[in-house]
Amino acid sequence: MLLNPFTYHAPSSVKQAAKLYATLADVKILAGGTIVLNTLKKLKQNGAKTPENIISLKKIKALQTICTQKSIITIGSMATCRDIIHSKELKKDCPLLIAVAQNIATTQIRNMATIGGNITGRFTWTEFQTPLVALDAKLHFVTKTGKEKIINAESFFKQNAKTSDILEKITFKAPQDVCFVYKRIPKRAEPDIPIFSICLRASVKKGTFQNVCVAINNAKSFARKDTKIEKTIAKLKTNDKAGTNLLKTLDLSRYAKDGDYKQAVISSTLKNTLNELIAQTK
Amino acid sequence: MTKLKINNRIYDLALKGHETLLEVLRDILGLTGTKTACDEAECGACTVLINGKAILSCITLAMDVENDDITTIEGISSGDDLHPIQQAFLDKGAVQCGFCAPGFILSTKALLDENPRPDLDEIKKSLDGHLCRCGGYLKIFDAIEDAAKKLRNE
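Order-wise, the sequence lines are chains A and B.
The first sequence begins at 1 in my numbering and counts up by one.
The second sequence begins at 1 in my numbering and counts up by one.
Extracted from the complex, chain B is given alone in its bound form (with noise of 0.2 Å):
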């Protein structure tokens, strides 16, 4: 069995050594916060945290993260309070259709856990591996500073 720590809770699963992350969290436990768009890299919609840091579920062997620390979307808010971030992602008009947002949000959570006062530069620096398809990055910038400001109490 191989034990996957997801959002503070211990799943044993059966694997068998080839599904992707991204697959497991969608198709065996349900998680489908976590996005399916390019599958190959290049959109961040899969994005989830490892120890913190995002990586793409898509490229990544449930395997070989088993042990570490896996955060979700679904992960990051308190019950029925959002998160920070996803309250300000509304407040901003930051989700459109809503699909590259879950990515987005745990890049953000990232970002801010390192770094609570990013400059503009240093958003769309570690923004760089998202693409969102109705194009409303500069309302996801407003959200950042926005959350990040909630996040220090300003």
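Just chain A, same shape as in the assembly (with noise of 0.2 Å):
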């Protein structure tokens, strides 16, 4: 299908984008291209208004790279799932983010999409709010008239990923004697969004849990902390019980209702969760 007709603009610099941003109207930023031509598609195909420019990040290089310098892990917002996958820094310093990235859609989108479309698309199912959150990342944009704004990633997605500027990077700081497991749910075997997913992270010291942080996404809001399952799982011994333990006081409710299916492989989940963090420990 022909798209309704836009000016393209490709600029070399983040800050020629923000300025391109600031003074173009009715315009939109495109990075790997996955979700944006898709719905500029569909707004065509429903009669609807499409933008009248776009702004491809495309040929700026800059926000292709990832790197680690004196323990802090950058990631830039044009990194495709591809480039984090194939990432020697991350196999080193934060394999975490590599297992999340080899989950995403199929292998042709995961060559396009970027970490940076997968925050800011605003689609609440995207895989790398959870682990973001857990690895307490900052984002780091650019605003219209150029200055830097660092948000982090929790505060980001509470405000229901909304933002006017333009995403330039991602940094945390390299993760040390810590844990993480990150599990998902698809609908189906095949490539498929996940209706529910988890980020754990914790350390173990002393037969209890330490540094603890639940990162959730339900699918039908973006990721955030769950401070109640975060402090059950503090008081818990890391012992093999750990896992059932967990549940014995648990109300999932606020996830799913009860009885609906969704509850009982939310808190098998979260037990499996709990489970391989206390094997990795060991």
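These are computed hints drawn from the structure, not numbers from a lab.
Glycine is no exception: its CB is placed at the ideal position from the N, C-alpha and C atoms.
Hints may contain errors.
In silico DMTMM-like links for lysine to aspartate or glutamate, alpha-carbon gap of 25 Å or less [stated by the list, open to error]:
| id | chain 1 | residue 1 | chain 2 | residue 2 |
| --- | --- | --- | --- | --- |
| 1 | A | K91 | B | D119 |
| 2 | B | K150 | B | E122 |
| 3 | A | K44 | B | D39 |
| 4 | A | K49 | B | D39 |
| 5 | A | K59 | B | E122 |
| 6 | A | K88 | B | D113 |
| 7 | A | K158 | A | D136 |
| 8 | B | K3 | B | E42 |
| 9 | A | K187 | B | E122 |
| 10 | A | K88 | B | D39 |
| 11 | A | K183 | B | D128 |
| 12 | A | K91 | B | E122 |
Quick look at which bits of chain B chain A covers, simulated, 3 or more residues with Cβ under 8 Å [to be verified]:
| id | region |
| --- | --- |
| 13 | 2-10 |
| 14 | 17-24 |
Restraint-style ranges between C-beta atoms, simulated for each label pair [claimed, not checked]:
| id | chain 1 | residue 1 | chain 2 | residue 2 | range |
| --- | --- | --- | --- | --- | --- |
| 15 | A | N239 | B | R133 | 47 to 55 Å |
| 16 | A | A279 | B | D27 | 49 to 57 Å |
| 17 | B | R152 | A | T68 | 31 to 39 Å |
| 18 | B | R152 | A | K231 | 51 to 59 Å |
| 19 | B | L120 | A | T68 | 32 to 40 Å |
| 20 | A | G259 | B | I28 | 53 to 61 Å |
Please dock the two separately framed chains into a single complex, following the hints provided.
This is the structure:
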């Protein structure tokens, strides 16, 4: 299908992109294209208006870098899932994100879709949300006036991922002495979006969980920390019964109604996640 | 003018900006080996290689791939000689109606260029973005294993 005509802009720097974003009217930012171009087609099919200007970030090479400096990992917003999967830095310093990226969509989509598009696309189910919340990641935006604005991932998703700025990069401290477990539940075995995902972070010391973070995405709202589950886990002993004991006291009705199959799926996922983390620490 | 490098040939094209790569390949350049099917990134029929990586041309703006190496199904054979992957697809009966075959073959090329000795799970994972309505997946997997052996001169 032919897209409705628009004016294509391909800035070579973030500053140029910000300037264009500030001056152009009726404009949309294009990252990997896997969400935006499909959306433009759907809008046209439905007879809805489509943007007059598209700013493509593809030519800004600086946005594609992944590096670690002084224990801070930086991922450019235009790094693709494939870049993340093949990153030597992430393999060494944060394999969690590689595991997450490997589960996203299909090979061609992983070759195209970017972490920036995943974060700012404003779909509740996107997969980098829970790990970035669990990593206490910071999102670095460039405002329309060219200034840097930093917001932590949790706050960003609490504000429903709304932004009128350009995401430049994501930074976080390289995890040390903590374990992560990420689990996702798709509807089907084939490539599919998850209906629930969880990223659990914790360390184990003297038979107890410490530094616990539980980031949950139920696909209906954006990812956030569940402090009730975090507190419950922090009180548990790190033995084989931890997963079962966790479920005894938890009220999961905020994620799915009592009796709904999703509640059973979520509770067994929580149990397995915790048990897997314990197994990692042995 | 926009310069597109397709199958090692440079094309100077007067593009407006909103054309997808799929439209440029098929409607402007007549390279109809790349297929239009779902047109919404679900089926893989429009797969081409950009710098050796499989991507979906239906959701790629042509101007975004200016100066990149674009490979379509027309660009992998040598004259009248089929590429070993194409030959393996024929030998193993992996081409039925043939509509999905160009996409499968290009994804296979990307896989085997990177991993000459994939196991069955790796083959399946690399083809997770393709649909074959004839349901000929098993023969396609056979063909890929056969092509991998041929490319390794075994």
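Hint-by-hint comparison with the structure:
Between A/K91 and B/D119 the CA atoms are separated by roughly 22 Å; this keeps the pair inside 25 Å, and the hint holds. For the proposed pair B/K150 and B/E122, the alpha carbon gap of about 18 Å is at most 25 Å, so the pair holds. Distance restraint check for A/K44 and B/D39: the Cα-Cα separation of roughly 13 Å lies within the 25 Å cut-off, and the hinted pair is therefore satisfied. With a C-alpha separation of about 20 Å, the suggested pair A/K49 and B/D39 falls inside the 25 Å cut-off, and the hint holds.
Taking the CA atoms of A/K59 and B/E122, the gap is about 31 Å. The hint is violated against a cut of 25 Å. Among the hinted pairs, A/K88 with B/D113 is consistent with the structure: their alpha-carbon atoms are about 20 Å apart, no more than 25 Å. Between the alpha carbons of A/K158 and A/D136 the distance comes to roughly 13 Å, so the proposed pair stays at or under 25 Å and holds. Among the hinted pairs, B/K3 with B/E42 is inconsistent with the structure: their alpha-carbon atoms are about 28 Å apart, more than 25 Å.
The straight-line distance between the Cα atoms of A/K187 and B/E122 is roughly 22 Å, inside the 25 Å bound, and the hint therefore holds. Using a Cα cut-off of 25 Å, the hinted pair A/K88 and B/D39 is violated, with the two alpha carbons roughly 34 Å apart. For the suggested pair A/K183 and B/D128, the alpha carbons sit about 20 Å apart, so the restraint of at most 25 Å is met. Distance hint between A/K91 and B/E122 is fulfilled; the C-alpha atoms sit about 19 Å from each other, no more than 25 Å.
Remark: the region 2-10 of chain B is not confirmed as covered by chain A, as 0 of its residues place a Cβ nearer than 8 Å to a Cβ of that chain, below the required three. A stretch counts as covered by a chain when three or more of its residues have a beta carbon under 8 Å from one of that chain; for the region 17-24 of chain B and chain A the count is 5, and the coverage holds. Distance hint check for A/N239 and B/R133: the Cβ-Cβ separation is about 52 Å, which falls inside the suggested range of 47 to 55 Å. Between A/A279 and B/D27 the Cβ separation comes to about 55 Å, which falls inside the hinted range of 49 to 57 Å.
At about 36 Å, the beta-carbon gap between B/R152 and A/T68 stays in the expected band of 31 to 39 Å. Under the hint 51 to 59 Å, the C-beta atoms of B/R152 and A/K231, about 56 Å apart, fit the expected range. About 35 Å separates the C-beta atoms of B/L120 and A/T68, a value consistent with the hinted range of 32 to 40 Å. Checked against the hint of 53 to 61 Å, the pair A/G259 and B/I28 passes, with Cβ atoms roughly 57 Å apart.
Violated hints, listed in ascending order, are 5, 8, 10, 13; each of the other numbered hints is respected by the structure.
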